[in-house]
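*Asks:* As a plain string of letters, each chain reads:
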Amino acid sequence: MFDDLDPQEFEDTARTVIESCAQAPSAAERGKLLAEAGLLGVIAPEDVGGLGLSTRFAAPILRAAGEGCLAYPLIETLLLSKALADTDAELAARICSGETVATIAWLGTDAGADLGGAPMGCQAEHVLIFSADGTAVLAPIANAVRAVETHSFDIDVPEAEIHVSGAFKGVELDLATVEKLRSDARMLRAAFIHGAAANCLKMASDYAQDREQFGKLLSANQALRHRLSRDALVLETMRNAIIRAQSVRDDDVEMARNAAWLCSAQSGPAIAESAIQVFGGMGFTWEVPLHRHLRQMRAQARYGGAALELDQLGDAIIAGTANPWYAEIADAA
Amino acid sequence: MTSVSPLEAGTPGQTGAYAAQAYQWLKQNLNDRLRTDRCLDQPASLEEKIRFEAAQHRAGLAGITWPKEYGGHGLTLREHLEANREIGRAPMPNAINSIGKELAGPIIMAVGNERQKSTYLPAILSMENIWCQGFSEPGAGSDLAALRTKAERTADGWRINGQKIWTSGASKSSRCMLLARTGAREDRHKGLVLFAVPMSSPGITVREIQSIDGDRSFCEVFFNDVIVDEAEMLGAPDEGWAAASRVLSIERATNRMYRAWRFESELDHLIAACRSDNAAFAIMKGYRRELAQCRVEVELIKGHVETLVDDLLAGQQIGPRGSFPKLYWSESHQRFAQIAYEIVSRFPPGANQALKDLRARMEGIYLSSRAETIYAGTTEIQLDIIAKRILNLKKAA
Ligand SMILES: Cc1cc2nc3c(=O)[nH]c(=O)nc-3n(C[C@H](O)[C@H](O)[C@H](O)COP(=O)(O)OP(=O)(O)OC[C@H]3O[C@@H](n4cnc5c(N)ncnc54)[C@H](O)[C@@H]3O)c2cc1C
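These protein sequence lines are chains H and W, in that order. When you line the first sequence up against this note's numbering, it's residues 827 to 1159, in that order. When you line the second sequence up against this note's numbering, it's residues 123 to 519, in that order.
Hint data in this document are derived by calculation from the structure and do not stem from the laboratory. Some hints here could point you the wrong way.
Ranges of calculated distance between the beta carbons of each label pair, as one might list FRET restraints [unchecked claim]: (1) Tyr497/W - Asp912/H: 54 to 62 angstroms; (2) Phe979/H - Gly336/W: 49 to 57 angstroms; (3) Asp163/W - Gln1048/H: 43 to 51 angstroms; (4) Gln1048/H - Arg457/W: 18 to 26 angstroms; (5) Arg237/W - Phe1040/H: 54 to 62 angstroms; (6) Gly1131/H - Leu162/W: 55 to 63 angstroms; (7) Leu1134/H - Lys517/W: 38 to 46 angstroms; (8) Ala1145/H - Glu170/W: 36 to 44 angstroms; (9) Pro1115/H - Gln332/W: 53 to 61 angstroms; (10) Gly1131/H - Gln150/W: 39 to 47 angstroms; (11) Glu170/W - Asp1077/H: 31 to 39 angstroms.
In silico lysine-lysine, BS3-like type, Cα no more than 27 angstroms apart, as pairs [as the list claims (entries may be wrong)]: (12) Lys478/W - Lys516/W; (13) Lys1028/H - Lys239/W; (14) Lys1042/H - Lys517/W.
No residue lacks a Cβ here, since even glycine has one placed at the ideal position from N, Cα and C.
If we strip away everything but chain H, and leave its shape as in the complex, we get (with noise of 0.2 angstroms):
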């Protein structure tokens, strides 16, 4: 089915299976369902049941399952089957086959008694758990280590907090594959957002074309069609920052990706935000799916800690720049 390698077939075969996932009962049934068509192993290597193929490929895939509200950690689940491949080839395969499910406590390390931010904890069997020194270890849920149902954001995804109470194994992750883990997830959530505001705007702009107030289409007003133009501007700008930091060369590709990632988790909130501003009434009602959009796209900013990230990342800039042309003005201390 793969053979041309095409990344736009990837995003049709996964929008036709996540429409699919949403009939379907619970989240092994979603699993079977993304395993079959070989979408839960695209970036694992091949000895373990995955395509072996890069982030490229699973950006589509992650667009499809943001623009259609998957309820399964797609996310996590790529990258874990990917980042066990070497440790735990087993347990990799049965990730990618759906077999098991798996996800990350992306909120605190094993220093603090309790973490959290794990998508779908509840019904996983295995939970990454990263330690204060930047390796991490995949945990069984079980005895020491337990999944809490608690308050969640995001409706579709329920989050689960994970607390530990004694001494726990598992497989272990070095520093460099966490490192890969956490900058690869930057790309996943990037192009998951990108699917989610592409159809929050699409909505948008069906609905104003739809609906007539003082005699007119409210796409005829200029205020709400440059309130959409604005909103496809933020899209393309996400679009192209998710193309580039695919391409882009050495150096620039943390940033380029970072850039990607904080793209993303400020512009699709908003893009949401703005297509229930113009649903009006209607885009306050629980049965407009704008809010479930919102609240993933809003999960996914604070898993990855964009507020913190900018933060950092403003620290980083004030330490210095690497300009030749200003290199003659000297440091005051």
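Using the hints provided, position chain W with the ligand relative to the given structure of chain H.
*Replies:* Positioned in the frame of chain H, the structure of chain W with the ligand alone reads:
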């Protein structure tokens, strides 16, 4: 000025090689008087800037994609982008002849005849001919199709009457790319014709207008029974609107491709200069989030530019999509300019030279950036274009 050997044309070389040579050349030739990050009593004169710009072309930094038979270097948009990254990083003055190189040149290449191409194009690159763009009029700004300047065919050639405004660089230009109409004003975009008018023609009066940054770079231009030879018509009458739209789409999409890197360089300058003084550094620290946001936006402009270049290299049309980068860079640069202004405005008196230079530059950038959401089509017009031509939003059921 040192003479330089042109960069080797035609050989693709390894990635970054073109940029490395561009940097070396700039390092040798961009002297203090030309640098825009210095506030000197005696900055470079117009003649010095013109000589510097001509030398840039000889060194392979201008006309990069133009065919060799017209004085260009016959390379691709990829080398153009590479050189522009270095141009952007350097504190260089903006080109005096950017209208010639970025608007008139491409349009002459597209609609001009062979004689026009072989005479006008090399003269643009060598800086013998500086061009201006005579589109806007007092009654026709955003609504360009409302322009009134009239062109009538007579036995001696076309007779032009009317007035243009906001014509950048008109008082230094030797040619004007003029948009005029052959029919009635009600014809809107029909019956518009494009000319290459010699600015020395009798009947042309130019009056400089002072802008908010103290500059006198744009002008009013009056045409009073100006006779323009038939041979100076660019394309056919009635093709004027199509040609003009093309010019504007180029202007929005690819013009000053170095913007993202210039903007990054301005941010670098701000950071480097603030680090030269403890009080300024403390002020800057209070803006670390805003500065991080600016740095992210620089990357996002690069995203617009680089994907656009990829699309162009893949043979795609840009069309209305040129509005996206135009909107994005103009607004994000204004956001940066406002923050930078706020930072420098808080410097204590008696600052060191690096801070004085910085403050002068950032004040200038703040003021001049106000034009960025106006020229090349205002923000509101770009938003209209996106709504109508990209989102295809209906106005009636
Ligand atoms: C520094 C600078 C250099 C320039 N250089 C050149 C040049 O070299 N050659 C040239 O031909 N022109 C040049 N221009 C002119 C420029 O293209 C025009 O200023 C611009 O197109 C806007 O037209 P206007 O000034 O007449 O404003 P107007 O069209 O009168 O617009 C005024 C305000 O109304 C808004 N507006 C207008 N129509 C609408 C609408 N339908 N919906 C909502 N809002 C609307 C505009 O967005 C703007 O905010 C330059 C301008 C500047 C500032």
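*Asks:* Each hint: holds or not?
*Replies:* Evaluation of the provided hints:
1. Tyr497/W - Asp912/H: 54 to 62 angstroms: Given a distance of about 55 angstroms, which is inside 54 to 62 angstroms, the answer is holds.
2. Phe979/H - Gly336/W: 49 to 57 angstroms: holds, 52 angstroms
3. Asp163/W - Gln1048/H: 43 to 51 angstroms: The hint (43 to 51 angstroms, Cβ to Cβ) holds, given that Asp163/W and Gln1048/H are roughly 49 angstroms apart.
4. Gln1048/H - Arg457/W: 18 to 26 angstroms: holds, 23 angstroms
5. Arg237/W - Phe1040/H: 54 to 62 angstroms: Roughly 57 angstroms apart at Cβ, these two residues keep to the hinted range, so it holds.
6. Gly1131/H - Leu162/W: 55 to 63 angstroms: Violated: the Cβ-Cβ distance is about 46 angstroms, outside 55 to 63 angstroms.
7. Leu1134/H - Lys517/W: 38 to 46 angstroms: holds, 44 angstroms
8. Ala1145/H - Glu170/W: 36 to 44 angstroms: holds, 37 angstroms
9. Pro1115/H - Gln332/W: 53 to 61 angstroms: With Cβ atoms ~55 angstroms apart, the hint holds.
10. Gly1131/H - Gln150/W: 39 to 47 angstroms: holds, 45 angstroms
11. Glu170/W - Asp1077/H: 31 to 39 angstroms: holds, 35 angstroms
12. Lys478/W - Lys516/W: violated, 53 angstroms
13. Lys1028/H - Lys239/W: violated, 45 angstroms
14. Lys1042/H - Lys517/W: holds, 8 angstroms
The structure does not agree with the numbered hints 6, 12 and 13 stated previously, though it agrees with the rest.
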